[in-house]
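Undergrad: Now for the letters of each chain:
2 protein chains.
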Amino acid sequence: MAKQERAIRTRRAILEAAGAVFDEHGYASTTISMVLERAEVTKGALYFHFPSKESLAQAVLDEQVPFGAVPPHPCKLQEIVDMSFVYGRRLMSNPLLQGSVRLTVDQATPPGVDHSGPFRQWADHVVELLEEAEKQGELLPTVVPRETVELLVGSFAGIQLMSRALTGREDLGHRLSVLWAHVLPSIAVPGLLGRLDTAPDRGARILAMLEEDEELMQRAEP
Amino acid sequence: MAKQERAIRTRRAILEAAGAVFDEHGYASTTISMVLERAEVTKGALYFHFPSKESLAQAVLDEQVPFGAVPPHPCKLQEIVDMSFVYGRRLMSNPLLQGSVRLTVDQATPPGVDHSGPFRQWADHVVELLEEAEKQGELLPTVVPRETVELLVGSFAGIQLMSRALTGREDLGHRLSVLWAHVLPSIAVPGLLGRLDTAPDRGARILAMLEEDEELMQRAEP
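As they're listed, the protein sequences go chains A and B. The opening residue of the first sequence carries number 1 in UniProt numbering; numbering runs sequentially from there. The opening residue of the second sequence carries number 1 in UniProt numbering; numbering runs sequentially from there.
Keep in mind that a hint or two might mislead.
[Claimed, not checked] Cut-off 25 Å, straight-line C-alpha distance, at most; resulting in silico cross-link-like pairs (SDA-like, lysine to any residue):
#1 A:Lys53 x B:Gln107
#2 A:Lys53 x A:Ser93
#3 A:Lys53 x B:Pro110
#4 A:Lys53 x B:Thr109
#5 A:Lys135 x A:Cys75
In case anyone wonders, no lab produced these hints; they're calculated from the structure.
If we strip away everything but chain A, and leave its shape as in the complex, we get:
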């Protein structure tokens, strides 16, 4: 393995361990030694990548938005819907993402850590998509993209929190489906409404498809 590739893997292993520990213990109670033990890396390797607990928390926070990655869809509203379901699905099982979300919603992070960053990053990212949807004629003329997007981002944050508190996030897909059923009629043009897929298992189906594609790609390799 090349030196650079090894460094990338080590960094990732540390981030994943840190996410899991932050999720279980919160920012204040997490110590570097807990992360070291979980990641099974040397102290030197950890400090090489992350000089402090703050920088580790910031890196975990910065990993959040990429978890919303989904295949592009010709209908940009569907792509936004897909993002919510895929992200929700990943949140059910990925400890790095769970830790990142806990750091976002907890008020415990010190001033040096921008725990509100993911709110802003999510909003900026989805506003771009919703403006594309607007250009394609998918939106009602009353929609103000930034307002709608900040509502969706805020609502998502609370819905996953409530789902976590009541069912360990088991019913998150269903709750997202209810969200979309309530807000889409105020966002999408009527002709589009009935054609958007907002079923609770949307996220699971997209992820299964992505995995199949990956297997096919691997088999095609020489």
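Let chain A serve as the given structure and place chain B on it in line with the hints.
TA: Coordinates of chain B only, in the frame set by chain A:
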């Protein structure tokens, strides 16, 4: 002051101090001594009312839903809307409520403290109101009261969180107004829609009215 009244005041002073300390430090980092210092009561008085940090946290959590109290309204959907704005407004300035909300959204509370209680209590409380609205013919036939209510409760939790992270809750009224503009068309019968007051300052206006009423009552006392 009668003995019982003094006990009630002491209990309240402890709860308010605890709320403020929990809001600032979170559950894990809060100590009984911090609360003692803030409340300016004796250790004996505190332990008389709350035998442990867990019981103190539980009592702070149990205080949450009463902060949504609003004057009854003939239109039950308006009463639910009012509740959200008044509660949001109180959340901007009341340390006990702020602490209670932090305990609800933080994952840090130990198994002995039911931090998901407020989610359930809110849902049960608002479902009752929404079922009254249903009986009065205020709702579209497609509405499933519990689903709609859990969406509203979850969304509120996240919206206040995002508002707190980005503006110290300064824009919470505006964000609630955006929420209602998006979901009411999927909830209310068309004839009611245009008549509901969902302006960002709705909470401030109701609270001002309540204060005026209280002043009038006090002046009328012999």
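Undergrad: Which hints from the list above does the structure break, by number from lowest to highest?
TA: none
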